[in-house]
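There are 6 protein chains.
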Amino acid sequence: MDRPRHFEDYVLGETRSTYGRTITETDFVVHAGHTGDFFPHHMDAEAMKATPFGQRIAHGTMTFAIGIGLTASEINPLAFTYGYERLRFPKPVFIGDTIHTELTITGLDPDPKRATHGRITEQVRVLNQRGETVLACDHIYLAERRG
Amino acid sequence: MDRPRHFEDYVLGETRSTYGRTITETDFVVHAGHTGDFFPHHMDAEAMKATPFGQRIAHGTMTFAIGIGLTASEINPLAFTYGYERLRFPKPVFIGDTIHTELTITGLDPDPKRATHGRITEQVRVLNQRGETVLACDHIYLAERRG
Amino acid sequence: MDRPRHFEDYVLGETRSTYGRTITETDFVVHAGHTGDFFPHHMDAEAMKATPFGQRIAHGTMTFAIGIGLTASEINPLAFTYGYERLRFPKPVFIGDTIHTELTITGLDPDPKRATHGRITEQVRVLNQRGETVLACDHIYLAERRG
Amino acid sequence: MDRPRHFEDYVLGETRSTYGRTITETDFVVHAGHTGDFFPHHMDAEAMKATPFGQRIAHGTMTFAIGIGLTASEINPLAFTYGYERLRFPKPVFIGDTIHTELTITGLDPDPKRATHGRITEQVRVLNQRGETVLACDHIYLAERRG
Amino acid sequence: MDRPRHFEDYVLGETRSTYGRTITETDFVVHAGHTGDFFPHHMDAEAMKATPFGQRIAHGTMTFAIGIGLTASEINPLAFTYGYERLRFPKPVFIGDTIHTELTITGLDPDPKRATHGRITEQVRVLNQRGETVLACDHIYLAERRG
Amino acid sequence: MDRPRHFEDYVLGETRSTYGRTITETDFVVHAGHTGDFFPHHMDAEAMKATPFGQRIAHGTMTFAIGIGLTASEINPLAFTYGYERLRFPKPVFIGDTIHTELTITGLDPDPKRATHGRITEQVRVLNQRGETVLACDHIYLAERRG
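Residue numbers (UniProt numbering), protein chains in the order written: chain A, 1 to 147; chain B, 1 to 147; chain C, 1 to 147; chain D, 1 to 147; chain E, 1 to 147; chain F, 1 to 147.
These are computed hints drawn from the structure, not numbers from a lab. One thing to keep in mind: the hints can contain errors.
[Unchecked claim] Here are the computed lysine-lysine pairs in the DSS-like style, where the Cα-Cα straight-line distance is at most 30 Å:
id, chain 1, residue 1, chain 2, residue 2
1, D, Lys113, C, Lys49
2, E, Lys49, A, Lys91
3, A, Lys49, C, Lys49
4, D, Lys49, C, Lys113
5, B, Lys91, B, Lys49
6, C, Lys91, C, Lys49
[As the list claims (entries may be wrong)] What follows is a list of derived Cβ distance ranges for each label pair:
id, chain 1, residue 1, chain 2, residue 2, range
7, D, Arg86, C, Pro77, 23 to 31 Å
8, C, Pro4, B, Asp2, 57 to 65 Å
9, E, Arg130, D, Val11, 40 to 48 Å
[To be verified] To give a feel for the contact side, a few chain C residues facing chain D, derived at Cβ under 8 Å:
id, residue
10, Ala65
11, Ile66
12, Ile68
13, Leu70
14, Thr81
All residues carry an ideal CB built from backbone N, CA and C; glycine is no exception.
Chain A on its own, in the form it takes in the complex (with noise of 0.2 Å):
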């Protein structure tokens, strides 16, 4: 669980896919009920029949939420997360859709503040059962430099 990894064992274009996980009815309720977000897009079966979409959608903060969880399966004691860039939702999440998500290192860099530490950019893609892209961003950490 811990893997401690110095900013150097980084490699350009190393990825990294998580176990699957299906949206379930369940997880739209949870999310409006812990974010006070209940808009007719999330929670209104009927309304929606009459949308484009033709059902309820996943809150954005949702698949950000759990695309993110899923990647939680070990820790770098020596990284911390500095920020996310380019958030995006190319498509979106319905009920009984079945994600997981992608990563892959796209940049490795100096940190300009810290001489002690390297800037990781890392790709985010969480995907759908039908292999679209439905969040995408850029997941930039800090880890040490090796001495």
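Knowing the structure of chain A, use the given hints to seat chains B, C, D, E and F on it.
Coordinates of chains B, C, D, E and F only, in the frame set by chain A:
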């Protein structure tokens, strides 16, 4: 609740502020259970005593989901989300902190792809009870232009 | 969100209608778990097949809690709840039904105990997607009189 | 659990008392998430410090749902709910209060519409650990008359 | 609810059966979130299509927790749990199955350590709507002997 | 995450230890709501003040479900659970305790029914922050023998 606004109705510098919400231990446990991220940072009070934080800290994805959720009080049927930029977590959120969200329109631009829409940049700041920013990002959304 | 209104600002016959919300199996399970009422009427699909309903029916307390919750979109800081009268459940709520709430001001009376306040009677109707009333009651609240 | 009782089996003045249950911060958060009512009265500890209550207070709908839920320990297959009258909330419920429910049969009347049934009025009192009534109402239900 | 029984009040072969409860997709999601076990067996409908089960299967710990929970309808203040033996899961539980629990007293023995108590062995069987046993174990508890 | 291991890969005395998790009041409430067991031992802080425990104690089924859940970090696709033996709860778990699980391989035996598999006995110990064992059992599982 529904409040239709065209792109031309938005004003640079316009602000909106939400109600506050106290982030509870329950929210930590619900978010871990919702996302599957049970890392000790969020769940192990004993282990966190030995860190500079001294206690459990919120998942960044939770601060984002609840911070954005707090803003879900009215729907503009003429607008939709494009994405989020520069998502950062300048300060940790602890159990018992009370957060609210402040929104400011900071950009009104033509949409490069759609002549029918304009692109709105809304600065998002989630603040705690001490006035510290615990989350910052830009929300980018598109709104229909008036005829 | 905060919308201060004095007793004199309310008008007989004034109406308000909420967004819709689809009542899910999740809501049934959450309500059972929240209240501790796991009676077969709400939880045992097999046993309910043999009844005239043919399926599980919602807890009355859930229809009340969600039906009232749907109305929680603005706060009148000059008013507070006195109570509820004539709470009835004319039709069952089934999993998958979509409900919304309609409010009508049906009474504006002096408060017998407080000269400073008036008593407002608001008729509450929760309706399903077929337009049937599934819950009816009167919400009684008090609002400050103007100076 | 199933305990069939005819209308004639009920006795005026008969009482029943439930187990106690401590109302936790978790219950507040669950109820807000279940109903969508995130008003600061229930969710914002900072804002409530400045009020006469000094702290968050429970949703009335929660006190009702849990107070009634506590009574759900046996089923009379010969009876069904008609409705509730005079629902009042004489005192607030705070996080950490322990409540239980006391029931007293206060009315046994013919049902005006159904010769086959009698109408039972059961006084409901939810009390806290200081013996204060935090919720009062009358539960009206109908039970089959003995052949 | 409280039903005090001494060791001598228990009878070999005595049985008790609980209400039924339909195990929902919500229960799967809640249990994963409660325990942190998001293994694909329970959470990934796509991956499970390719297995002999053809669908998601319940966590064994959930069948145990809910199967035992169903029996929690009365308290013997003179008894306490010693442990469980031979916990087995002969059949999977699927979403939509309705389970109930059957209890049989199969052993009444002196407690080797406490002359004041007797040891009761209660056979636990959780059955689904087809009468198949999905969980079996022995619950061992101790009850006070009559003076 | 997937880590295929044949029976022959297991070693007597091999140990594994999990992350810690603080058991919160939320977990108590979630478990009661998940299982339907709202007995005062777990839910009534007032009543428990008068007992030797002085406070609410965790459901045994929760300590089991979370204690086992903590171990769900990798999947051996060549193994499956046979059952659990000698489940005991030597000490209570209180709100605020931090638990983790320690696993030791204590038995490697031929499976009496399947020549293709071996039977693994894994001792499970759930410990609190004071190093006290709060749950003990043996997990029995079967793993494929190497060709």
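Consistency of the hints with the structure:
no. : hint                           : in the structure
1   : D:Lys113 - C:Lys49             : holds (28 Å)
2   : E:Lys49 - A:Lys91              : holds (24 Å)
3   : A:Lys49 - C:Lys49              : holds (28 Å)
4   : D:Lys49 - C:Lys113             : holds (28 Å)
5   : B:Lys91 - B:Lys49              : holds (18 Å)
6   : C:Lys91 - C:Lys49              : holds (18 Å)
7   : D:Arg86 - C:Pro77: 23 to 31 Å  : holds (26 Å)
8   : C:Pro4 - B:Asp2: 57 to 65 Å    : violated (22 Å)
9   : E:Arg130 - D:Val11: 40 to 48 Å : holds (43 Å)
10  : Ala65                          : holds (4 Å)
11  : Ile66                          : holds (6 Å)
12  : Ile68                          : holds (5 Å)
13  : Leu70                          : holds (7 Å)
14  : Thr81                          : holds (6 Å)
Consistency with the previously given hints fails for number 8 only.
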